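Chains as they are written, first to last, in this note's numbering: chain A, 1 to 307; chain F, 1 to 657.
Worth flagging that the hints you see were computed from the coordinates, not collected in a lab. Just so you know, not all the hints are guaranteed correct.
Stated by the list, open to error - Once the Cα atoms are required to be at most 27 Å apart in a straight line, the calculated DSSO-like pairs of lysine-lysine come out as:
{"hint": "1", "chain 1": "A", "residue 1": "Lys47", "chain 2": "F", "residue 2": "Lys557"}
{"hint": "2", "chain 1": "A", "residue 1": "Lys51", "chain 2": "F", "residue 2": "Lys165"}
{"hint": "3", "chain 1": "F", "residue 1": "Lys588", "chain 2": "A", "residue 2": "Lys64"}
{"hint": "4", "chain 1": "F", "residue 1": "Lys543", "chain 2": "A", "residue 2": "Lys64"}
{"hint": "5", "chain 1": "A", "residue 1": "Lys51", "chain 2": "F", "residue 2": "Lys299"}
{"hint": "6", "chain 1": "F", "residue 1": "Lys538", "chain 2": "A", "residue 2": "Lys47"}
No experiment lies behind these values; they were computed from the predicted model shown.
This is what each chain is made of:
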Amino acid sequence: MIITAIINLIILLFAPFLVLGVIKKTKAFWAGRKGVSLFQPWWDFVKLMKKDAVVSNTTTWIFKFTPILIFATTLFAGLFVPMLGGSSVINMQGGFILFAYLLGLGKFFALLSAMDTGSSFEGMGASREACFTTIVEPAFFIIMASLIALSGNYTFESLFLILESAGGLGILIMILAVLALVVMLLTECCRVPVDDPTTHLELTMIHEVMILDNSGQDLGLITWAAGIKMVILESLIAALLIPTHLLGFGYSALAYVVALFVIAVFVGTLESAIARLRMSHVFEFIFAMSSFALITLSLTAIKLYGN
Amino acid sequence: MEIFYYALLAPIAGGVLSLACPEKMKLKVVSFFIFLSTVLCLIPALNVLVTGNTISADLNILNGIFGTVKFVIDPLSAFFIAVISVMSFVGSVYANGYLKPYFDKKMNISSHCLFFTMLISSMLGVVSIQNVIFFLIVWEIMSLSSFFLVIFEDNKKEVLTAGIKYLIYMHVSVLFIILAFAFLTIKSGSYDFASFANVLQDNAEFANLVFALVFVGFGIKAGFVPFHNWLPEAHPAAPSHVSAVMSGVMIKTGIYGILRVLALVGIPSIEISYAVLIISLITALYGVLYATSQFDVKKLLAYSSIENIGIIGLGMGVGMLGLAFNSTAVAVLGFLGCILHILNHSIFKELLFLGAGAVYTKTHTRDIELLGGLAKVMPKTAALFLVGSVAICGLPPLNGFISEFLIYFGMLKGALVDSLGMLIILVLSLAGLALVGTMAILCFTKVYSIVFLGMPRSENAEHVKNDVEFSMVIPMGILATFAGLIGLFPQFVLNVIAKSVQIFVADFELPQVVSVMQNISIVLFAFLLFVVLLMLVKKLANKNVVEHCTWGCGYDKPNNHIQYTASSYASPFLSMLTPLFKKVFDIKKPKDLFPKDAHFSLRIEDVEEAYIIKPFIKDVEKFFTIFERIQNGNIQQYILYGLVFLILSLIALVIIG
């Protein structure tokens, strides 16, 4: 148990760099380039941690404190997520509520920190980010609650077990939940088509623009946290897709690692295949998650009370 | 019990005594007496909360015409007594600093002191008296004294309008309450609350009717949508510590009324439980939506009170559904969440109102668009307001999270009760509560960042040089400490509150919830430790930090007009929900080749008031103009009316008798 927990922690801390590397490599592949090394995000991070920082003179202590808090909240949220072999580091009743609210705390400070600089670019980013959250969060709660209703279990870890034996309807529910979580991943981790992490025009950014004024270690911690969030959401999707009990621990652990890789490739491919949406259409895209969530709920109701 | 009588009278005694004191001493005297009262209140209240035993006593007033005055302190009353006394004391200390600027303005501090103490005594009476007549008397004293507190600055026209609106709402409220109690008294033949239990439990339809009346009556006081309109008017008009006490404590007496009747009803019907849940959900969403759209900080806080009343109601609804579906676990979680959120809301809302008051004292404006950059000059207020903001968004590690967690958990458990309706409605309310939470984050990051962060947006904010005085900081500090303690040690608080829940759910086992809370507490401590550790590591890394202006695409003379405003911050979200608002634009477009002045402003009005209340009042007015002809100012005619009335009643008497 403890060994799995430690491995989980290591994955949570260091897989983000590899995942980002895989996305970059995939994009390079589709663009016909050789691309940077898989480990480039790690080297970027190391370089950032060695750098001094420039801080805006408009800011207060909140600006300096936020990177630490974002990192801590994301890491702690990650501890609740089922990873290797469907086991999470902390397994407690109602864990997903604490998970969502810890991420919320991080977001609260991220928004404040962006506004702290007094820049209208960052204000714009913050206002968009806050707005997206209001759509994503309720849908996430509907999905979690539906899964809890199906499994009859309140821990994050066992949420996903039920689907293995649920039959046809169960598979449909699983597909919808996965679709919803993919939308959530693209939104929360600011990937195309919601946001383009490589854009260079401040006006069109969302997440990147919120951290325009962060530099050095602060920026390093924030990018690390963003990577961890990516791994967290990938793990959620993986947990839905992998029938842990049928495969046994060893195979499902392997399947988990493969899933992390495959989802990263998928994100990279998506980014190469489509352009980001116009800002006004982004809302419609995210609302897709709400509809997936509502259909999941109705199917759950049919499954439980269908007769 | 005698101790409690003294506690009840102590504030009024202080208020009367303060009349004889010189101007500067008045508030100190009042604070001292309220402090005495708080100590005296806490002795019986904590005793009841710890042991779970009920204290009661009969007092003979007016020769017992309406029965004796029955004082009962059961765990529910004890909880409210504790909250009311402590929160009022904190507010009264703050008043010492806050009212200072008004001393030389010939404002009526004496009457303010008197009514403030009357409000506190009457609130204590409301939650402890269980006799219909005397309950209604103290209820009315409470409404009237708070009315006089609201119109403190009665030289301003909008304050008077708000005050009168409040007065009218309160009397519509009391109408429903009297109606409900009249039904109960007639049916049971007694003025005593305890005797109502039988009548209510015998007849389910009657219980539904009474509960509905009570819910409307007390709901107006509490601020449930659609009875909420007085709140966003009265709170901005009142002085900050009064808003704090009103919003933090007084509106909760409405919740107390509903809970008291609920306890008498016993097991509510399923329909009425669903109704409470759905109304509460609408209240919470409506409140937070309008809070997000407001730019007057106190109006915003008032709407956020409506939101929190909704959350409290959600807890109550879950609890009621638990009772109705005979699921103890769900009922316990719902009521625990409901009661804990009452406490939590009074803590952080009072904290935020006091913070808003501190900002107002320094800047003389409540319009957040004119503020900014205050965190640098008012660091203590800024830090404490941040605590309040995080807590009200329900974020860990503060108290708001705990009560919302309990309600979420209750909803999840409820969704598993074997019922399709419960599954759908509770999962949707769960999503609704999550939506409320994220909108609260949007709302309070807006307030906080526009008021305290960035650069000053006007002269009002630029001229602030220092923080407020200690008598204002300390009350906020106390409240922030409470918020932290409840957030980090939820298991201990739950054990105390569980006694109050016993009024609704006969016997239950707490350990499971407590162990979940213990886990939360451990995780949060580990989290805080980790944050501190990271801060140390970062300090040890000791990197060079260079200060420079904010990035502006190479433009290095940023000024305050370049910043984002509160309206633009909320705009993407609000534009998604346009149909839910009545937007009032005030636009003056630039004209000619060399435009001189242009102007744009947007005000958002309450849609319920604009489209339901106002047309309704217009119709009522139209109807009553029929009687204008009768009222013509001619005294002879008025005497004639009297004569005609007397003759008619004599004739009627002859015919009937």
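Query raised in the report: For the pair supplied as a hint, lysine 47/A and lysine 557/F, is the alpha-carbon distance within the 27 Å limit?
Result: violated (30 Å)
**Report entry** 27 Å Cα cutoff - pair lysine 51/A, lysine 165/F
**Finding:** The hint is violated at about 60 Å.
Query raised in the report: Would the pair lysine 543/F and lysine 64/A pass a check requiring their Cα atoms to be no farther apart than 27 Å?
Result: holds (12 Å)
Report task. Would you mind confirming whether the straight-line C-alpha gap from lysine 538/F to lysine 47/A stays at or under 27 Å? Result -> Given that 27 Å is the threshold and the Cα spacing comes to 16 Å, the pair holds.
Query raised in the report: Does lysine 51/A pair with lysine 299/F here, judged by a C-alpha cut-off of 27 Å?
Result: Roughly 45 Å between the alpha carbons, so the hint for lysine 51/A and lysine 299/F is violated.
Report task. With a cut-off of 27 Å on the C-alpha distance, tell me whether lysine 588/F and lysine 64/A pass. Result -> violated (42 Å)
Checked against the numbered hints above, the structure violates hints 1, 2, 3 and 5; every other hint is satisfied.
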